[in-house]
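Asks: Build out the structure end to end from the sequences listed, making use of the hints.
Numbering-wise (the working numbering), the sequence shown opens with residue 134 and increments by one.
What the hints contain is simulated information worked out from the structure, not anything from laboratory work. C-beta atoms are modelled at their ideal positions from N, C-alpha and C, and glycine is treated no differently. There may be inaccurate statements among the hints.
Unchecked claim - Label-pair restraints from in silico Cβ distances: (1) Gly258 x Asp289: 21 to 29 Å; (2) Gln401 x Glu593: 34 to 42 Å; (3) Ser413 x His361: 22 to 30 Å; (4) Cys542 x Ser320: 42 to 50 Å; (5) Asp253 x Asp575: 32 to 40 Å; (6) Gly500 x Ser551: 28 to 36 Å; (7) Thr300 x Ser537: 53 to 61 Å; (8) Ala595 x Glu292: 45 to 53 Å; (9) Pro388 x Ser551: 52 to 60 Å; (10) Gln580 x Gly278: 53 to 61 Å.
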Amino acid sequence: MMKSLFPLFRPVLFVMAVVVLSYGIWSCSSVPEIPDEAAEELQKQAEDKDAEGDRGEVASDEFASAEVPVAGAGRDESECLGQLVPPRGAGGRQYDQETAISQQASFEELTEQARTELRDRICQGILCGQIEQQITIWEPQESEGYRCVMAVIAADQLEEWKRAVETDLGTRLQAHAQDVVERVQESLGGGTPRMTIHNIDDHGVPGGLRSEWLHRHLQDALDRASAHVIPLDPSWSGQGLPDRADGVVTAQIVPMGGVEDSLEVSWQARTVDRVFSGGSVHFPEVVAPDIDRSTYLPPFPVKLDDDKVALHFDRRDGGGLCHGQKTEIWLETAQDMHVRVINLFGSEGGSVIFPPMPETDDLIEAGQPISLGEFEAFQAGNIGVERFLVVASPTPDGLGRFESVDQFCTLPPTMVQSLQQGHDLPHGDETYLFETGFRLMDGEGCQEYDASDQYIARVEEALAAAPGCW
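Replies: Here it is in structure tokens:
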């Protein structure tokens with residue numbers, strides 16, 4: 134039976150601030166000459182559109198019929214310096230584009246360059262032919278010795294391709310899921326495996342819109358592979374298997390090595406005594422929901438001992454929490470262990486949240502999940518992610534420098550930075566480590582939650598009053 138410790142203590146949750154900078158790079162490409170009569174017709178079409186002004190958006194099929202627009206002289210050199218105007222329609226926002234520019238290359242060469250760069254940037258090797266068929270060349274210009282061309286693709290065509298890529302991803306995931314389910318079924322001696330999906334880490338942090346998007350695809354793949362997918366038990370401590378489950382699925386989303394704007398997902402299913410790899414598949418980043426890059430955390434480099442110690446709290450699919458969402462932390466160990474639980478938030482914020490006070494017994498009995506209290510998730514820093522670390526050992530010595538920490542306290546900023554990188558942690562044959570976290574969410578699906586001002590103020594006061602750990 135699970136027992137609850139210290140109902141008056143409420144752990145503090147804050148946010149990580151590891152900012153990953155990203156930026157776009159302008160490039161260029163161009164278009165061939167066309168017959169005079171065709172040029173005249175297209176010029177007339179362009180003039181007609183100018184007369185229309187902003188009264189309406191250009192239909193994608195109408196625009197696609199003008200495969201090679203007029204190659205006229207620009208008004209000045211700026212026309213050929215990456216400042217071409219996209220087709221009309223919401224100020225060009227109805228199109229994705231790529232521009233090519235050169236003083237030497239012909240329009241034919243620039244056309245191929247623009248088309249290729251736009252295609253490859255979007256498709257990342259997945260269904261590229263479908264993208265290429267929908268790319269149209271727009272606004273070739275020549276001015277002050279420069280030639281430039283813009284290649285564009287209409288937003289509705291891009292959305293159609295994204296749907297096709299999602300279907301393709303589902304097919305590939307199902308093929309891997311079929312293999313995993315069959316192996317799990319064999320290990321069980323037959324029957325339909327009952328599978329549940331746990332955290333989906335996205336760039337080092339569980340949860341977020343992209344994790345939830347992948348959660349749906351994984352669940353569908355497992356269903357199609359004839360597994361019985363059941364909801365994750367909210368009271369599970371994270372140790373062993375949840376009630377009624379034969380296997381727990383976890384996944385990781387990481388950048389695909391050597392390929393820009395492409396992501397790789399790997400996943401695995403853990404049963405009571407084995408781990409079955411689901412392999413990995415990659416997909417273009419553009420097909421999945423966007424994630425704030427400032428919420429990316431470095432992958433935790435330390436080997437974890439999740440078969441010895443685990444910390445778990447009920448979350449949304451994939452592992453996120455809404456701003457203001459309440460949940461409860463559970464801790465369990467596989468043998469009697471002394472434990473310290475660390476909460477890291479912001480670039481320099483962190484505290485030890487267990488044990489909460491000197492009189493607390495830090496020895497956790499084997500197989501006896503305990504509650505560390507309830508909390509409301511809210512953002513107190515500049516980004517919405519948090520990380521939790523557990524240090525456990527059968528002996529107090531195995532806790533290293535954390536042995537002397539016997540109450541809720543704040544960590545030095547320099548140590549927080551080291552812990553985020555997996556440094557400054559004790560190690561040894563009798564030291565066991567565990568790590569988890571969450572990405573804070575708002576928007577769709579989170580409207581019913583809101584952290585109260587009173588709760589936030591109470592937590593901030595507790596932090597301000599907390600002593601330093603050393």
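Asks: Now, for every hint given, state plainly whether the structure supports it.
Replies: Taking the hints in turn, this is what the structure says about them:
1. Gly258 x Asp289: 21 to 29 Å: 23 Å Cβ-Cβ, so the 21 to 29 Å window holds.
2. Gln401 x Glu593: 34 to 42 Å: 39 Å, holds
3. Ser413 x His361: 22 to 30 Å: 24 Å, holds
4. Cys542 x Ser320: 42 to 50 Å: 45 Å, holds
5. Asp253 x Asp575: 32 to 40 Å: 34 Å, holds
6. Gly500 x Ser551: 28 to 36 Å: The hinted range 28 to 36 Å holds for glycine 500 and serine 551, with Cβ atoms some 33 Å apart.
7. Thr300 x Ser537: 53 to 61 Å: At 56 Å between Cβs, range holds.
8. Ala595 x Glu292: 45 to 53 Å: Hint holds: Cβ distance 47 Å, inside 45 to 53 Å.
9. Pro388 x Ser551: 52 to 60 Å: 24 Å, violated
10. Gln580 x Gly278: 53 to 61 Å: 57 Å, holds
Comparing the model with each numbered hint stated earlier shows that hint 9 is the single one that does not hold.
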